[in-house]
Amino acid sequence: MRTTKSLIVGAAVTAFALAFGTTGVARADVSTERPGSILIFPKVVNTTDEDTIIQITNVNNDTRHARCFFVDGALTFDPNTGLPRPSCQESDFSIWLTRLQPTHWQVSVGRRIDPTDNFSSAPGYPSTAGFDPGGIPPVGVGFTGALICAEVDASDKPIAGNSLTGQATVKNINGDVSKYNGITIQGITPMGQDLSLDNVEYNGCPASLNLTTITSGAPDPVVEALSPNTPSTVRNFITLMPCGADLENLVPQTVSLQVAVFNEFEQRISLGGPSVECWARLPLEAIGGGFDFATAGTTFTYGTITPQGPNAANGILGVADSVATDSLGNSGSAADNLHVAGNTDTTNLPVVTGSPAVIRLSVP
Amino acid sequence: MLTTRRIGSAIVATLVLGLGLAPTARAFTNSDQPAAVVVFPRIDVNVAANRDTVVQLTNANATQSVTAKCFYINGNSHCTNTGLPCASSAQCVSGPFVGACLPGWTVTDFLVTLTPQQPLGWSAAEGLRGSGFPLTTRVCSNNPLMACSNDGQCPGGTCLTNPTNAGSLVPPVPETPFVGELHCVEVDRNTGRPPLGANNTNDLKGEATVETLLPDGTIDVATANAVGIRSNLTRNADTNTLTLGRGAEYEGCEAVTIVNHLFDGAVDPIDNTSLANTELTLVPCSVDLSGADPSLATSTAQFLVFNEFEQRFSTSRRVNCFFQSPLSRIDTTQPDRSIWNASVSGTVAGQTRIRAVGASLIGWARLSLLNSSLNTQGSAAYNVHQDSVPATNTILLP
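Chains as they are written, first to last, in my numbering: chain A, 952 to 1315; chain B, 53 to 450.
FYI, nobody ran anything at the bench for these hints, they're computed from the structure.
All figures in this text were calculated on a predicted structure; none of them were measured in a lab.
Check before you lean on any hint, since a few could be wrong.
To be verified - Some chain A residues near chain B, calculated using beta-carbon distances under 8 Å: (1) T983; (2) P986; (3) T1049; (4) L1051; (5) T1252; (6) A1275; (7) S1278; (8) S1284.
For each residue, glycine too, the CB sits at the ideal point set by N, CA and C.
One chain only, chain B, in its complex shape (with noise of 0.2 Å):
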């Protein structure tokens, strides 16, 4: 009897401790490493302020190519009675009529084929089409910029049956000015849907370069990493729906995404003249990439906010499909007075813990130091941080 008790007990102890001293499994979102679903937060482009984004898009797989189904989400509203992009119905006065600033997301797929450690990089203004691929035919093994279809058409090599990028075609925004989002999903390219199980991997890493040419010449250059989403290799299914959470098809995307930040206003400590404005973009990590359902890529964001005294201010916005805005504008209309303006915070750096009700938010944050007096301004842009547990989502596919 009491070696029976100590076995349950060493049963007991051991699974404690073995629970204890188990690793936490780590279950989100990544910037940093290669995943099966890849989110840019941010696509800008806007031909007349001179601004467009090179979206980069690479197969980390060293053998398989890969084929990414992709999805631009145009963030832009739009005028009831003119149909133009719009920020406010104030901009939707045409003659005596005022019409109404709707967003609108509508959605625009392609389909890239990527071979094995294939980078491929596009500008979002203007797409990549034909012969803008690198590899669209068969080529000469002795000289791959000489397309073949047989080897007696290379002299001294042979035309190699590598895998090419045949059938791509990346489209170019659908306006501009536009502001949006682009999702990469990998899938398989027969099907169109996510390979099953283990033959689904984690290939796609991307990032987005925002480029703004200035009215004084200069070039404001902004990078951040594409957002991935690691699929889960032994339980994925061969559907159009995406489940996201712990042990999920795909990990979970974060409850709590965290943005460290200078408060908007606040003196540049480097040149003491420069005052910093960081711009917030939020999108919703369940989304229906087919269009039908809006309402999936909806969540209430609840914002905690810190300064370096350790108060706490607090706000919370409506997020719908898509949100972009300087900091100092999320909670109200007048920039001076909103608690992540650094006369208010009263110090330099703050943190801001934003907790998702509803679908779980992907971020990205771009810091501009604008000197006024010198009429410089430089910009950079950088992932957010994540904590928490990941929450459940949904991501469906046409």
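Next up, chain A with everything else stripped away, as it sits in the complex (with noise of 0.2 Å):
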């Protein structure tokens, strides 16, 4: 009997190891260009000066559903400590995609369900002709956040279809254009409204973000050569949130950031960071001095973004955007998905005590 035991347990294990092993080492990583099974755009804007416009497509051949949720990151005053804070207050509303369908809507309009829009070419007539995936609401003017959106099926339980891809297109009144990839994580066995990013329901979050910059301050390379109009500075953006979200309790998820710089000679010029809680648009030398030109010294700086601290298992994920100005104060600016580090199932976890990060979803 013992014999068996052992047999069978051995079998069970070489088994498991042949399909695991065969099947190679799991990458567990966020994406910007995979499609996923939660989709998380962390800069969406309508302020007097900007707009922004989302897509989300579903590359299954099956008929998709998402719940999506507006996250408020602006700044309202709490009144237990009269200090700004976010309001971290969420919106949500329900999209269903057909299959391989795309979308679109501009966050300021929302889409409402109008099946007898038309679609018209000529300026002043935007369309919003297709299958309108549910009603969308619009956001506020000063609207500074995120939006996150999870499959579901349709009793509104959540699933691992990694159907969702999608992008975020920021406009400003000047006409100037950036556009960054919604960031994706992928399903793997979710469990319930609690989406655990652990590798077991969910890809994990990264270990840390890194980025490459023009240093803030720095005159722009291509503006220096090309233009009269000189001297040009680069600035920095960098829009952080923590990968954890409770959008049942509306609880704010905080996180601590250590934030390592390296200028071009290889030095570490920086060594310290911010604490993040729900959702914040920074200037880059805010979060770490030595993306600043006076102290870094070159113009290419190099930044690591790693969670810390007691906090660290809610994550962090973000997009950088960057303008430069030339000395007429024309400008012009781009974002840019950031790089993730940590692709195996132990390393890709922040490395630190507590849980890996979870997104609470509200109760349907």
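Using the hints, put the two chains back together into the complex; each one sits in its own frame.
Encoded structure:
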């Protein structure tokens, strides 16, 4: 009997090892170029100067359903402390996408269900022709925050369909355009309304974010070479949000960051970092003084942003944008997806105590 | 006998369970992780039109220097009679003679060594040489700007023996206007070939920013990440032939590329006036970087286009080495009749799925919103998505 048990256990172990071994090490990262079951747009704005177009696409051959949440990161005054902090209020909606269907909407307008809307290619008549994915509410003027979508089944139960991709296009009143890919997190075996980014239910958060930029305050190399309107300068901004979110209880998640900045001399010129509660868009030099040209002393800098401390398990996601400005005030901006580090099941999670990040959906 | 059957059943069930639950091994290219090979699909320089590209290349390794062998591939076509860059034969009229406009795909290679966690950047029009590199000599520990050869030259400090950029040289692009691609491959500095097995790591990351100074003085900036191909650390062989694919030396390029876009000519929902235009750049994943065999970098791109009504359109196009086109000129010379034209598709947003027959394809896209009444233009570059399974490709080094 003992032998039989051993055989069965041994066989099972061998079979598991064989099964998993032959399929290679499971890569488990967030991605900006692959479909996923959770789709996150870290920077969504509707201000007097800027507006955002969201594009979401179903890459699956079946109809797909997702629950989406606008998370407002605009600062409000905390009545308890009198200090400004993100409201972290959410407004949710659902979308349905038929097989391989793309959709879009302007966040200041939303998208209503109107099967009669026609297409027009004439200026002045924006079109929302197409299968409406569902009623999508607008966000108010002054909204600065994020959009989180989670793929669910018809009963609103999270599933690992890995069907969603998306882009956000931010345009300002000067006609300047920046665009970035939504961050996707692949589902593996979701188990409920708490989406655990633990490499079991969903892929984990990255161990760190990396970016290389023209240093904030440095002259822009192209403007300096080609334009008479010099001197020029580059400013950088970064939008950050914890991986984890409590969309049911609206409890803002916080993550402390360690930011290391390296200049072209290979010097580590700053080490420190802020805490991010719910959502923040900051000048890059505000999270690491080394990103400032006066400190770095070189045109290009490289930085790593790593969650640290007791709340590091909340993880971090983000997107960067930079603005080049000449001496006459002409400017142009571009957004850029950040690189991520951590590419195996064991190193992917932030190296900290505590549990992996969780996105808690509100009760449907 | 029964026990044996149960054991057999357990093995089968466990295998099925294991295979079923095992996360699919993913082995694709990445634009958001450091890699052993990075591909910048679009380097765009036209000094006369006030356009240049800033290339950023970073060594993400915290402890080791990395040497990258890089290759500009000139995607310009040239006139057979004048030798000048051209877009069509109509530009090859010289007096009574009319030449043909033929693609060339010439390769210019160079070597760059990056010290640990060092970012480097350069203008593609100007390159980087000599003192342009930050660490060309040994420097003092207390003053990295002071070159030294011994401790005596560093009062209060020591002369560091840290790695340097010595031996690096980035040439300017070979001509302007220039449009083409840039490949950088992590190599052993001594042999010039990819390091063996686990010595090969995934350390390179890159970004390219195309900047254009528009006639009205505004600055148009578009940034996207380089596409990385990660090394399979245990399988890499020390040869000049890099094999890509499932279980190969390097991860594979995807069989399907997905471009989410606004249809050309669609009215910008934000200002209700600007018109959208998306330019697509595709380069084959397989390439002979010695330039000897251009046929390796050929493919047929099969396009499936879906609008917001889930309606499907299709076309195909040959891709030789480098392909760049506005979406609405891929299938026709009359953009108003293109399947990518908003008036034809009938919706604003679309999804284009590109399946490569032949070498897999790596891509970038660039959205422009042109307001003709205000004469403003803004553009933004973005990396395209990938799907399906990794395909087998080959990169040949000289």
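Checked hints:
| no. | hint | in the structure |
| --- | --- | --- |
| 1 | T983 | 5 Å, holds |
| 2 | P986 | 6 Å, holds |
| 3 | T1049 | 5 Å, holds |
| 4 | L1051 | 5 Å, holds |
| 5 | T1252 | 6 Å, holds |
| 6 | A1275 | 5 Å, holds |
| 7 | S1278 | 11 Å, violated |
| 8 | S1284 | 6 Å, holds |
Hint compliance for this structure: hint 7 is the single one not met.
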